[in-house]
Amino acid sequence: MTVSEMANELNLETLVRGDQDRLVAGGYAGDLLSWVMARAHEDDAWFTVMGNLNAVAVAVLVNVSCIVLTENATLDDDAAKRAAVEGVFILRSHESTFSLCAKLGNLLQ
Amino acid sequence: MKLHFEVPGDDFTRAGEASGELKRKLKRLGFDPDVVRRAAIAMYEGEINMVIHAGGGVVDVEILPDKITIILTDYGPGIEDVDKAMQEGFSTAPDNIRMLGFGAGMGLPNIKKYTDTLNIKTEVGKGTVLTMTVLTNKQA
Ligand SMILES: Nc1ncnc2c1ncn2[C@@H]1O[C@H](COP(=O)(O)OP(=O)(O)OP(=O)(O)O)[C@@H](O)[C@H]1O
Ligand SMILES: [Mg+2]
Chain A
18 MTVSEMANEL
28 NLETLVRGDQ
38 DRLVAGGYAG
48 DLLSWVMARA
58 HEDDAWFTVM
68 GNLNAVAVAV
78 LVNVSCIVLT
88 ENATLDDDAA
98 KRAAVEGVFI
108 LRSHESTFSL
118 CAKLGNLLQ
Chain B
207 MKLHFEVPGD
217 DFTRAGEASG
227 ELKRKLKRLG
237 FDPDVVRRAA
247 IAMYEGEINM
257 VIHAGGGVVD
267 VEILPDKITI
277 ILTDYGPGIE
287 DVDKAMQEGF
297 STAPDNIRML
307 GFGAGMGLPN
317 IKKYTDTLNI
327 KTEVGKGTVL
337 TMTVLTNKQA
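Top line first, the protein sequences correspond to chains A and B. Numbers 18 to 126, taken from my numbering, label the letters of the first sequence in order. Numbers 207 to 346, taken from my numbering, label the letters of the second sequence in order.
For the record, the hints were derived by calculation from the structure and aren't laboratory data. Remember, it's a predicted structure, so these values are computed and weren't measured experimentally. There may be inaccurate statements among the hints.
Where chain B lies over chain A, by a calculated footprint (3+ residues, C-beta under 8 angstroms) [said to hold, decoys possible]:
no. : region
1   : 44–55
2   : 66–76
Just some of the chain A residues that point at chain B, by a computed CB distance under 10 angstroms [what the hints assert, rightly or not]:
no. : residue
3   : E59
4   : V79
5   : T91
6   : D95
7   : R99
8   : E103
The beta-carbon is built from N, C-alpha and C at its ideal position, and this holds for glycine as well.
Hey, can you work out the whole structure from these sequences and the hints?
Here it is as structure tokens:
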């Protein structure tokens, strides 16, 4: 499944557009950045409430396919700018991390 | 090839610039993606630690065909108990830092996990030097 297909299926709002054809191979949920760097995989969709610059840096380092901000979490202005420069796709939803992950889990089966 | 970076101690938003640059450079040099990822994440954790815990510092990187060496030097408070600091979950990060997503106590364990060697030289009140290497699986 591509990032844009996932965005459609989960009804996500696009905050920063990246590579739409990028594949989503799996998912990871978490807000503690070192934890994410330890456990998330390349090409995961990353579900989090962290919308700051450091989250964008982590997304680049881990090379996740996109960041999904859950529960309508805020994306900082400087983070949005950096994401655009780095090509990090950022999406958002009012739904909880749990609910979105459950749906993505079904879609990926 | 040698690289040198200054990591400012007061500017959280700039932490990650040095490791980002290392990542791009290694990629351009054609290193294996897994090697690039491991080196960049280890350096980012070290950089962030220097900003949060030590008021900044400097990073020196040496890139050889078979080995990447990263040395992070700071003149911060030092680490009192290195064994404890190496444990997953141990953190002295204050609440305002935790709000940013740090303070899981996973940084040093991550560095250990992603590098091939890690040496920590630290003295309380003087500072800390982290020396890490990532082997590239290439012939020299
Ligand atoms: N450069 C340093 N100078 C002084 N103390 C340090 C330094 N690096 C780490 N420490 C100490 O070691 C502890 C553990 O570091 P570690 O990177 O594992 O976790 P953390 O930085 O607290 O949280 P995380 O890395 O998960 O965001 C820190 O909380 C701090 O007390
Ligand atoms: Mg740390």
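Against the structure, the hints:
no.	hint	in the structure
1	44–55	holds (count 7)
2	66–76	holds (count 7)
3	E59	holds, 7 angstroms
4	V79	holds, 7 angstroms
5	T91	violated, 13 angstroms
6	D95	holds, 6 angstroms
7	R99	holds, 9 angstroms
8	E103	holds, 8 angstroms
The structure does not agree with numbered hint 5 stated previously, though it agrees with all others.
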